[in-house]
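Q: Order-wise, the sequence lines are chains C and A. Here the first sequence is numbered in my numbering, starting from 1 and rising by one per residue. Here the second sequence is numbered in my numbering, starting from 1 and rising by one per residue.
Please keep in mind that the hints were generated in silico from the structure rather than gathered at the bench. Treat the hints with caution; some may be incorrect.
As the list makes no split between identical chains, a pair holds if one copy fits it or if it spans any two.
In silico lysine to aspartate or glutamate, DMTMM-like type, Cα no more than 25 angstroms apart, as pairs [claimed, not checked]:
id, residue 1, residue 2
1, 42, 203
2, 138, 80
3, 42, 14
4, 200, 120
5, 98, 140
6, 200, 122
7, 48, 114
8, 200, 51
9, 48, 120
Note that this is a predicted model, so its numbers are computed, not measured.
There are 2 protein chains.
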Amino acid sequence: MKPQFDLTLYLVTDPRLSEGDLPGKVEQAIRGGVTLVQLREKNTDSRKFLETTLQVREITDRYGIPLIINDRVDIALACDAAGVHLGQSDIPCTIARKILGPNKLIGVTAKTVEQAVQAEQDGADYLGCGALFPSGAKPEAQPMTLSTLSQILAAVDIPVTAIGGINADNLHLPVEAGVNGVAVVSAILGQPDVSAAARKLREKIEAANPSG
Amino acid sequence: MKPQFDLTLYLVTDPRLSEGDLPGKVEQAIRGGVTLVQLREKNTDSRKFLETTLQVREITDRYGIPLIINDRVDIALACDAAGVHLGQSDIPCTIARKILGPNKLIGVTAKTVEQAVQAEQDGADYLGCGALFPSGAKPEAQPMTLSTLSQILAAVDIPVTAIGGINADNLHLPVEAGVNGVAVVSAILGQPDVSAAARKLREKIEAANPSG
């Protein structure tokens, strides 16, 4: 059976912010209210990536939080993660689905309405849309307008999270637009008190939620 | 059923020598006598790696040559390659075997007798041993002595290829030591006439083979 997941507050790790005690930081973030965790590593040895993943999975398992692996379908299989998140430069969703089978989650990054509709057709379980605001984690990403985000929300039925430069001060914009949650990197991992940062974001999301 | 394979002349690609028409170069190399092809890409987008792999697989399929993917078990699954080659910093052999099942080839890099024996126990189908000589493709690799290579050959029953700086002038050394074949990068892909380079290596291997 496919794992249940809650996009409300999605923590995405960043190699530049993962130094030191990543499992400890992930635990603090979960205690603050993170509902989903995605491990993103680039240019790391596969074995090191797998070791990190297994350490983080101990934490996410303990709290019943699904762990998603960015890009690397093999790492997801090797650690029996809940699923993968695929960018537009990663393995296509249809091929990842064949490899992973029906019981793993697949998230896809969509920057346009066309990509969003295609991903839903290809069997994605959720979309990550952005970058919504200029982002420290991906400074090269072109910001997506709130208008495009709203068009995507109107065009697909699968859940949508917004990503890219989202923080406590601007998250009301995607939440009011109707996303199922927000995904953040530095707004949690770049803060001195990771747990407090996550808690504040959760409160702001709930305050901004039009249905809340 | 596991694909049959012949280690005699094993072409390993290198991102730095893969510019331009890689499928064309692989075809020329096969026509010159290459018996096995390993695709090695690092720091490449997964989708681009997969696209390259599918292009090369068209060639290797046409000639009945098994295609091995370096490191990336997911790319091997995505293109239904013959197998993977795993370095000591890649996913462990036992985990890769669980993901790939019994019908895919797994090669493992062994730099010591201990690693070689472990890889055989872990279910590797062949070993790549080296770097035997200083190598342009991996200048940081510590050369392995011919004595260590001989000890590995005595310690394991699975086939062994030598790798690292091997060319037409020095390949007699590992061949006389008893390897099942040699693996090369620049001795084929770095040469102006790829096909002629492969043909010359094949001739030298046959001339040096003590059982030939």
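Q: If a hint holds in the structure, say so; if it does not, say that too.
A: Consistency of the hints with the structure:
1. Taking the closest pair of Cα atoms, residue 42 and residue 203 never come within 25 angstroms of each other, the shortest separation being 31 angstroms inside a single copy and 42 angstroms across copies.
2. Neither within a single protomer nor between protomers do residue 138 and residue 80 lie at most 25 angstroms apart by alpha-carbon distance, with minima of 27 angstroms and 33 angstroms respectively.
3. In this assembly of identical chains, the alpha carbons of residue 42 and residue 14 lie at most 25 angstroms apart whether taken from the same copy (9 angstroms) or from different copies (19 angstroms).
4. Taking the shortest Cα distances, residue 200 and residue 120 never come within 25 angstroms of each other, neither inside one copy (32 angstroms) nor across copies (53 angstroms).
5. When the C-alpha separation of residue 98 and residue 140 is checked against a cutoff of 25 angstroms, the pair qualifies neither within a copy, at 31 angstroms, nor between copies, at 38 angstroms.
6. In this homomeric assembly, residue 200 and residue 122 never come within 25 angstroms of each other (Cα to Cα): the closest approach is 35 angstroms inside a single copy and 48 angstroms across copies.
7. In this assembly of identical chains, residue 48 and residue 114 lie within 25 angstroms of each other by CA distance solely across copies; the values are 21 angstroms between and 36 angstroms within a copy.
8. In the homo-oligomer, the alpha carbons of residue 200 and residue 51 never lie at most 25 angstroms apart, since the shortest distance is 31 angstroms inside one protomer and 43 angstroms across protomers.
9. Proximity of residue 48 and residue 120 under a CA criterion of 25 angstroms is satisfied inter-copy only: 22 angstroms between copies versus 32 angstroms inside one chain copy.
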